[in-house]
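Given next are the chains, with one letter for each unit.
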Amino acid sequence: MDTKLKNYIVKENGDIILNMGPQHPSTHGVLRLEVVLKGETVKQVVPHIGYIHRGIEKMCEYDTYKQIIHLTDRMDYLSAHMNNEAVCLLVENALGIEVPERVKYIRVVLDELTRIASHQLWWSAYGMDLGALTAFFYGMRDRERILDIFEESFGSRLLHSFNTPGGLMHDVHPNFQKHTMEFVKYFRKKLPEYHQLLTDNVIFRNRTQGIGVMSKETAIAYGVTGPSGRGSGYSCDVRKIAPYGVYDQLEFEEIIYDEGDSFARYMVRMKEIEQSLNIIEQAVDKITDGPYTAKVKPIIKLPEGEYYQRVETARGELGVYVVSDGKKFPYRMHFRSPNFNNLFVLNTIAKGHLIADLVAISGSLDLVIPDIDR
Amino acid sequence: MKSNEELIKYFTELLPDAQIQEGKQFVEITVALDKWHETAKTLAQCDLKFDFLVNITAVDYLPKFMIVCHLTSTTTRDFIVLKTFIEDRDNPTIDSLYDIWPTAEFQEREIFDMFGIKFNNHPDLRRLFLEDDYGYPLRKDFKDEINMIELKN
Numbered sequence: 001m002d003t004k005l006k007n008y009i010v011k012e013n014g015d016i017i018l019n020m021g022p023q024h025p026s027t028h029g030v031l032r033l034e035v036v037l038k039g040e041t042v043k044q045v046v047p048h049i050g051y052i053h054r055g056i057e058k059m060c061e062y063d064t065y066k067q068i069i070h071l072t073d074r075m076d077y078l079s080a081h082m083n084n085e086a087v088c089l090l091v092e093n094a095l096g097i098e099v100p101e102r103v104k105y106i107r108v109v110l111d112e113l114t115r116i117a118s119h120q121l122w123w124s125a126y127g128m129d130l131g132a133l134t135a136f137f138y139g140m141r142d143r144e145r146i147l148d149i150f151e152e153s154f155g156s157r158l159l160h161s162f163n164t165p166g167g168l169m170h171d172v173h174p175n176f177q178k179h180t181m182e183f184v185k186y187f188r189k190k191l192p193e194y195h196q197l198l199t200d201n202v203i204f205r206n207r208t209q210g211i212g213v214m215s216k217e218t219a220i221a222y223g224v225t226g227p228s229g230r231g232s233g234y235s236c237d238v239r240k241i242a243p244y245g246v247y248d249q250l251e252f253e254e255i256i257y258d259e260g261d262s263f264a265r266y267m268v269r270m271k272e273i274e275q276s277l278n279i280i281e282q283a284v285d286k287i288t289d290g291p292y293t294a295k296v297k298p299i300i301k302l303p304e305g306e307y308y309q310r311v312e313t314a315r316g317e318l319g320v321y322v323v324s325d326g327k328k329f330p331y332r333m334h335f336r337s338p339n340f341n342n343l344f345v346l347n348t349i350a351k352g353h354l355i356a357d358l359v360a361i362s363g364s365l366d367l368v369i370p371d372i373d374r
Numbered sequence: 001m002k003s004n005e006e007l008i009k010y011f012t013e014l015l016p017d018a019q020i021q022e023g024k025q026f027v028e029i030t031v032a033l034d035k036w037h038e039t040a041k042t043l044a045q046c047d048l049k050f051d052f053l054v055n056i057t058a059v060d061y062l063p064k065f066m067i068v069c070h071l072t073s074t075t076t077r078d079f080i081v082l083k084t085f086i087e088d089r090d091n092p093t094i095d096s097l098y099d100i101w102p103t104a105e106f107q108e109r110e111i112f113d114m115f116g117i118k119f120n121n122h123p124d125l126r127r128l129f130l131e132d133d134y135g136y137p138l139r140k141d142f143k144d145e146i147n148m149i150e151l152k153n
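Going down the list, the protein sequences come from chains U and C.
The opening residue of the first sequence carries number 1 in our numbering; numbering runs sequentially from there.
The opening residue of the second sequence carries number 1 in our numbering; numbering runs sequentially from there.
It is worth saying that the hints were derived from the structure and are not from the lab.
Since the model is a prediction, treat every value here as computed from it, not as a measurement.
Some hints here could point you the wrong way.
[What the hints assert, rightly or not] Capping the alpha-carbon separation at 27 Å, the derived lysine-lysine pairs in BS3-like fashion look like this: (1) K49(C) / K240(U); (2) K66(U) / K140(C); (3) K2(C) / K83(C).
Between the sequences and the hints, there should be enough to build the whole structure, so can you do that?
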């Protein structure tokens with residue numbers, strides 16, 4: 001057979017070069033992993049990205065700050081609300097806009113609902129990656145409830161673009177608090193099912209425990225943040241180390257596991273769901289009556305200078321860097337995306353494992369490809 | 001965590017050649033291009049131990065480029081900004097920080113892709129997102145006559 005027709009190459013020393021992706025189901029998007037194999041063992045992983053590069057940073061240079069909000073949704077679509085909030089907080093801090101109390105608490109509730117929805121989708125898909133198809137239906141069933149809350153208030157389920165500099169686009173639905181509390185009550189009952197189904201499963205444990213061990217030093221050196229970093233014992237929760245919004249007035253724990261393997265990263269996310277439920281319970285009661293936005297000029301111009309804002313998304317630390325020259329468009333806008341840094345640690349932690357484990361490792365990093373490419 | 005005044009005092013002693021000022025949010029350290037790698041190494045090994053490179057990116061101030069780093073310490077949580085300027089527009093070159101913070105390898109590849117800035121001692125300097133013959137889109141003088149619509153305001 002002609003080598004060009006094969007989807008792999010065999011080198012002279014017996015190494016096999018195989019492409020995983022860009023259409024491989026386990027990558028959850030258009031990511032191509034060029035894997036160098038010795039038999040079944042992974043020798044090297046070279047990620048190839050850029051398949052859905054849209055030039056968001058260049059587009060931002062021709063958009064007003066209010067328009068940029070809608071672009072940030074499209075980076076990490078599963079933490080759309082936090083991405084919006086990052087740009088909003090940056091503009092608010094730069095102009096010294098005081099956001100109403102009501103808005104701050106609504107934002108926290110939405111942040112945590114988004115985080116739970118994101119972790120539920122990840123949990124579902126991770127089970128599916130490892131061959132446990134039932135998990136997918138359980139996760140999706142409960143995620144639907146959160147999306148219904150979103151749909152009721154914003155009219156959209158995934159990319160809601162609900163934040164705007166100074167507050168919210170419009171007020172939430174009158175039933176928002178009631179339905180959120182109903183969801184918290186419902187999901188607290190359902191969460192033990194998740195643990196029965198996947199966490200305590202022997203096959204699942206054998207496939208994740210001790211697989212893809214990332215030391216704390218590796219996590220710090222490669223800039224791994226979010227649940228993946230915290231699974232390696234590295235305390236990196238921006239909500240704790242550089243609090244924004246009202247996170248400093250709420251009680252919650254930063255979940256840290258020291259093992260650093262895929263199972264530790266899994267457990268961090270599962271425990272984070274519980275913490276998010278706690279935060280929602282505290283914050284929902286504090287949503288007071290009041291305006292849903294502060295007064296902001298229709299065209300926002302930031303004073304000349306450089307700004308940086310850090311926010312904790314469902315996958316790690318998102319940084320927004322803006323250089324303003326005093327005009328209505330930013331001079332330069334850069335997003336430090338968490339997934340970009342989380343992806344490139346893959347080569348280090350997957351080396352020496354079997355190719356089947358590569359799926360378990362890349363799944364445990366919870367990558368969202370549009371956030372990498374931007 | 002130290003206040004900005006304390007940090008300025010600390011860095012004035014640590015880095016006598018650098019220009020240290022308080023920015024809008026953080027302390028900003030500006031160094032000469034040839035001191036870039038040396039300063040980064042000093043910061044990574046000093047008492048505050050800036051071991052986490054949060055972000056490294058470039059800004060095109062026609063005709064020169066600015067490289068900007070956001071650094072933080074995982075022990076003391078101090079957050080600082082490190083900057084330098086590249087004057088040579090035709091052949092912009094700077095030392096890679098890959099040996100100090102491995103995460104720089106990929107963020108520098110992105111800068112090379114978007115601005116065409118070359119990094120000395122970089123292990124794998126290839127384009128990251130775009131094709132080899134595409135221009136450098138985040139340069140301010142980049143023109144894509146086929147796909148870009150000019151705004152007149």
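Hints versus structure:
Restraint check for K49(C) and K240(U): the C-alpha separation of about 20 Å stays at or below 27 Å, so the hint holds. Annotation: proposed proximity of K66(U) to K140(C) holds, straight-line Cα distance about 22 Å (limit 27 Å). Between the alpha carbons of K2(C) and K83(C) the distance comes to roughly 20 Å, so the proposed pair stays at or under 27 Å and holds.
The structure is consistent with each of the numbered hints, conforming to all of them.
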